[in-house]
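Engineer: Model the placement of chain U on the given structure of chain A, informed by the hints.
Protein chains: 2
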Amino acid sequence: MDRGDIFSRPDSKWTEGKGPDADIVISSRVRLARNIKNMPFPYMLSEEKEQEILNAIKDIIETPGFREKMGTFYYIPLNEIDQLEKQMLVEKHLISPQFAQSKGYKGVIVREDESLSIMVNEEDHFRIQCLLPAMQLNDAWVLANQMDDILEQTLEFAFDKEKGYLTSCPTNVGTGMRASVMLHLPGLVFTRMGYQIFSTMGQIGLTVRGMYGEGSEASGNLFQISNQVTLGLTEEDIINHLTSVTLQVIDQERNARNLFLKEGKDQLEDRVWRAYGILSHARNISSQEAMKLLSDLRLGIDLNLIQGIDPTVFNNLMVATQMAFLQQKGKGEMQPHLRDQIRAATIREKITKKNGGHESC
Amino acid sequence: MDRGDIFSRPDSKWTEGKGPDADIVISSRVRLARNIKNMPFPYMLSEEKEQEILNAIKDIIETPGFREKMGTFYYIPLNEIDQLEKQMLVEKHLISPQFAQSKGYKGVIVREDESLSIMVNEEDHFRIQCLLPAMQLNDAWVLANQMDDILEQTLEFAFDKEKGYLTSCPTNVGTGMRASVMLHLPGLVFTRMGYQIFSTMGQIGLTVRGMYGEGSEASGNLFQISNQVTLGLTEEDIINHLTSVTLQVIDQERNARNLFLKEGKDQLEDRVWRAYGILSHARNISSQEAMKLLSDLRLGIDLNLIQGIDPTVFNNLMVATQMAFLQQKGKGEMQPHLRDQIRAATIREKITKKNGGHESC
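Chains as they are written, first to last, in my numbering: chain A, 72 to 432; chain U, 72 to 432.
Isolated chain A (complex conformation):
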């Protein structure tokens, strides 16, 4: 099983941190749910059928010409990797936490740069995902759509003229699309302006969540905004609506940062430098504290209060300091205390590599 270096490096395309509004938008994601016509949904699928679907996908990525058009993909059968590796895929946002726990013939195909992937036999037969850095929702949609078209050349999807694509969960019926952006919003959190903004999202058909999807807490001031409604709208409607709301949130975050910088620059500088001081020297650090301090540091970089540190350190460490990647570094299962030590070492190495921070004034 060739799987490239997916399990050896924490970087993905989306952690590159390059693109429009990369100071606020960490990543853009589009996910399409698709099911094969006249085939039971995964939760009542026989093992035989599961294998059939997996084989269909394998055939497609091995089709002559596919690679030239879509790039190199790796096929990763879930029952052939261990729990640690599954967790790494979760931390890279390539599979869902639920999928990592599930049994049976399931798998994921992943493009070399990890921007494009398909979960096979999760809640739906296929979950096509495109995950790009920064504000690139439309590009993500174009790429996911392209993959969808390729699948449709071979497979016939369950589709209803009235309802659209049929999915295992009724909330996905219609476009089968979930589009989302992950935003770094320290300004809105610090100034408490965020509460009001987030509380109105439901009214305009959007949902706000923490970094690792439904039910997860917002850690490191990271928020995911996604569409709630998939029915009665076109894909372009969804992308345009989410884009327009996101641009407004970006605007408000910039205002909040400027306000904070104007009213509390001293306080902010202290906060940013303390974060740098601790991150570059601590010997033990919990995931929660690391995310908090990395968020402070990233804000300081974005506001030019600290120089000489690559802002993408933040994006990269978001993945590299998660559990599975630390366990891999520590060669297997470990006590939380040891994990906190390896996390601290990983952060120190990454942050001080570039000759440390320099003062702005």
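Please keep in mind that the hints were generated in silico from the structure rather than gathered at the bench.
Incorrect hints may appear among the rest.
[Claimed, not checked] Pairwise CB distance ranges (calculated):
no., chain 1, residue 1, chain 2, residue 2, range
1, U, D308, A, T423, 53 to 61 Å
2, U, Q406, A, T305, 17 to 25 Å
3, A, Q406, U, N326, 23 to 31 Å
4, A, P407, U, D184, 48 to 56 Å
5, A, E334, U, K400, 20 to 28 Å
6, U, G379, A, T278, 47 to 55 Å
7, U, D337, A, Q172, 29 to 37 Å
8, A, E334, U, E420, 37 to 45 Å
9, U, E420, A, L330, 37 to 45 Å
10, U, D76, A, D322, 53 to 61 Å
[As the list claims (entries may be wrong)] List time: in silico DSSO-like cross-link candidates among lysine-lysine, alpha-carbon distance up to 30 Å:
no., chain 1, residue 1, chain 2, residue 2
11, A, K402, U, K400
12, A, K333, A, K363
13, A, K363, U, K336
14, U, K363, U, K336
15, U, K89, U, K336
16, A, K363, A, K336
17, A, K336, U, K402
18, A, K400, U, K333
19, U, K333, A, K336
20, A, K400, U, K336
21, A, K333, U, K400
22, A, K232, A, K333
23, U, K363, A, K336
24, A, K402, U, K333
25, A, K363, U, K363
26, U, K129, A, K333
For each residue, glycine too, the CB sits at the ideal point set by N, CA and C.
Structural biologist: Chain U only, in chain A's frame:
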């Protein structure tokens, strides 16, 4: 009025940090209370008499041969210096906080290196003080005694054959001596072994206090141990008793540090490096937090967990980060916030000067 550089540098002899057990004993102090025979105690002294006493001291330090024997002294009349300068003398432990607030003709004579001084017209006519770095109680007593002898060549002190030296406050009657050591006891604090030790001090005639004397809290894990009893003992008894108890406390502190190092090295290393990280990067720091972190850092230096930082940075910053020295640096009265900024800058400068810390492993 020549006053050397007493008000321009925070360093004193006692902040040098050199001498026996300097890793635990910050300073040793001996103070002798003396009053002129047949002269009312200071609280009922006329201005005329106050001036008379001040002049007597001035005459002595200007006597031919005095300088050769005892060194260069400066005479500082309290009514000719401002409140900030008085506070600086308090922070250097050259005068008491009460003395800084008092009115009338009062003054202090201070040896160039600040190891020897005499407060004039405080609670008693003279308070001879010798303040040395590290565990040098006996040397401090010898030097204070020498100064006492010189004064007695010219002045006749109030002395009772039965009681000994008579003093304004009855608790000082007898030897008129207060001997004390300032100890850095993070090990006894962290392991909570200190409570028991300190609580038994009263039973053996000793008192434990914070860094700035009676009623002051122990900040930065600094504790002052002094004799309670001045009557019915010789000066040598007092010095020997305090020395012997201090040596036991030093022993227990060393044990506590070793225990902590053995049982919680990881935790200790993290604590030390975080202290270094914050001290060398924070932009605002309160006096209390600074003392706490400086104590952590000092412990790390003493336990060789961090290298390349001069341990006396701690002693020096204990004075340099106090209010008056910061205000002087900031050119006058200032808001607490600004004071915290200047404190942080002072610490950063001092700590990172020597090329920062290096890892021990």
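Engineer: Now tell me, hint by hint, if it's right for this structure.
Structural biologist: Status of each hint after checking the structure:
no.	hint	verdict
1	U:D308 <-> A:T423: 53 to 61 Å	holds, 56 Å
2	U:Q406 <-> A:T305: 17 to 25 Å	violated, 59 Å
3	A:Q406 <-> U:N326: 23 to 31 Å	holds, 28 Å
4	A:P407 <-> U:D184: 48 to 56 Å	holds, 52 Å
5	A:E334 <-> U:K400: 20 to 28 Å	holds, 26 Å
6	U:G379 <-> A:T278: 47 to 55 Å	holds, 52 Å
7	U:D337 <-> A:Q172: 29 to 37 Å	holds, 32 Å
8	A:E334 <-> U:E420: 37 to 45 Å	violated, 28 Å
9	U:E420 <-> A:L330: 37 to 45 Å	violated, 31 Å
10	U:D76 <-> A:D322: 53 to 61 Å	holds, 56 Å
11	A:K402 <-> U:K400	violated, 52 Å
12	A:K333 <-> A:K363	holds, 22 Å
13	A:K363 <-> U:K336	holds, 25 Å
14	U:K363 <-> U:K336	holds, 19 Å
15	U:K89 <-> U:K336	holds, 27 Å
16	A:K363 <-> A:K336	holds, 19 Å
17	A:K336 <-> U:K402	holds, 22 Å
18	A:K400 <-> U:K333	holds, 26 Å
19	U:K333 <-> A:K336	violated, 43 Å
20	A:K400 <-> U:K336	holds, 22 Å
21	A:K333 <-> U:K400	holds, 26 Å
22	A:K232 <-> A:K333	violated, 55 Å
23	U:K363 <-> A:K336	holds, 25 Å
24	A:K402 <-> U:K333	holds, 26 Å
25	A:K363 <-> U:K363	holds, 23 Å
26	U:K129 <-> A:K333	violated, 56 Å
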